[in-house]
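**Q** Sequence:
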Amino acid sequence: MPTVEKAAHQKGDFFVDYEEKVFEDVKAEPGEKALVTFHTVAFEGSIGLVNMLQATRLLRKGFDTSVLLYGPGVTLGLQRGFPTLGDEAFPGHLAVNNQLTKFMGEGGKIYACRFALQALYGHGEPSLIEGIKPINPLDVLDLVLLHRRDNAFILDTWTL
Numbered sequence: 001m002p003t004v005e006k007a008a009h010q011k012g013d014f015f016v017d018y019e020e021k022v023f024e025d026v027k028a029e030p031g032e033k034a035l036v037t038f039h040t041v042a043f044e045g046s047i048g049l050v051n052m053l054q055a056t057r058l059l060r061k062g063f064d065t066s067v068l069l070y071g072p073g074v075t076l077g078l079q080r081g082f083p084t085l086g087d088e089a090f091p092g093h094l095a096v097n098n099q100l101t102k103f104m105g106e107g108g109k110i111y112a113c114r115f116a117l118q119a120l121y122g123h124g125e126p127s128l129i130e131g132i133k134p135i136n137p138l139d140v141l142d143l144v145l146l147h148r149r150d151n152a153f154i155l156d157t158w159t160l
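For the sequence shown, my numbering gives the first residue as 1, with consecutive numbering after it.
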């Protein structure tokens, strides 16, 4: 058997150069908008959390940022907790909820399709995290088209 002669990695070691930034730090021009859409099931992958972090980053870069939850994406916006709503059953259990709340607290807007909420997932508007605006299913496409018309940056998020 070959012998490993290297010391084990230690807490605080660096594996990569995390300080090098290759591209300029882009900031929004006055009036620029961004839209992040979610057609993904909560907790079925990292996309919900990762792109909420992206939405927050867009907001902090100065974009007037909105999030659209439609189809299974509405499941991201539901109140959670165990044993009661708001209780974190284990560390990270409410990470998505906390990120949505932080995003809205910093001025971001979140919209959730009423059709998906009720017809697909059996929830009503009181199930949504406070601050999320329920919208008519006919508004889903119009919200995207309004952002397109305004030359907004649009990040479409899908999982299957």
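Some hints could be false.
Distance condition first, Cα-Cα at most 35 angstroms in a straight line; then the derived DSBU-like pairs of lysine-lysine [unchecked claim]:
1. Lys6 - Lys61
2. Lys6 - Lys27
3. Lys109 - Lys21
4. Lys6 - Lys33
5. Lys109 - Lys6
6. Lys6 - Lys133
7. Lys11 - Lys33
8. Lys102 - Lys11
9. Lys61 - Lys21
10. Lys61 - Lys102
11. Lys109 - Lys33
12. Lys61 - Lys27
13. Lys133 - Lys61
14. Lys33 - Lys21
15. Lys109 - Lys61
16. Lys21 - Lys11
17. Lys109 - Lys11
18. Lys21 - Lys102
19. Lys133 - Lys102
20. Lys6 - Lys102
21. Lys11 - Lys61
What the hints contain is simulated information worked out from the structure, not anything from laboratory work.
**Q** For every hint, state whether the structure bears it out.
**A** Cross-check of the supplied hints:
no. : hint            : result
1   : Lys6 - Lys61    : violated (42 angstroms)
2   : Lys6 - Lys27    : violated (43 angstroms)
3   : Lys109 - Lys21  : holds (29 angstroms)
4   : Lys6 - Lys33    : violated (50 angstroms)
5   : Lys109 - Lys6   : violated (50 angstroms)
6   : Lys6 - Lys133   : violated (55 angstroms)
7   : Lys11 - Lys33   : violated (41 angstroms)
8   : Lys102 - Lys11  : holds (30 angstroms)
9   : Lys61 - Lys21   : holds (16 angstroms)
10  : Lys61 - Lys102  : holds (15 angstroms)
11  : Lys109 - Lys33  : holds (11 angstroms)
12  : Lys61 - Lys27   : holds (5 angstroms)
13  : Lys133 - Lys61  : holds (23 angstroms)
14  : Lys33 - Lys21   : holds (24 angstroms)
15  : Lys109 - Lys61  : holds (15 angstroms)
16  : Lys21 - Lys11   : holds (24 angstroms)
17  : Lys109 - Lys11  : violated (39 angstroms)
18  : Lys21 - Lys102  : holds (26 angstroms)
19  : Lys133 - Lys102 : holds (15 angstroms)
20  : Lys6 - Lys102   : violated (43 angstroms)
21  : Lys11 - Lys61   : holds (32 angstroms)
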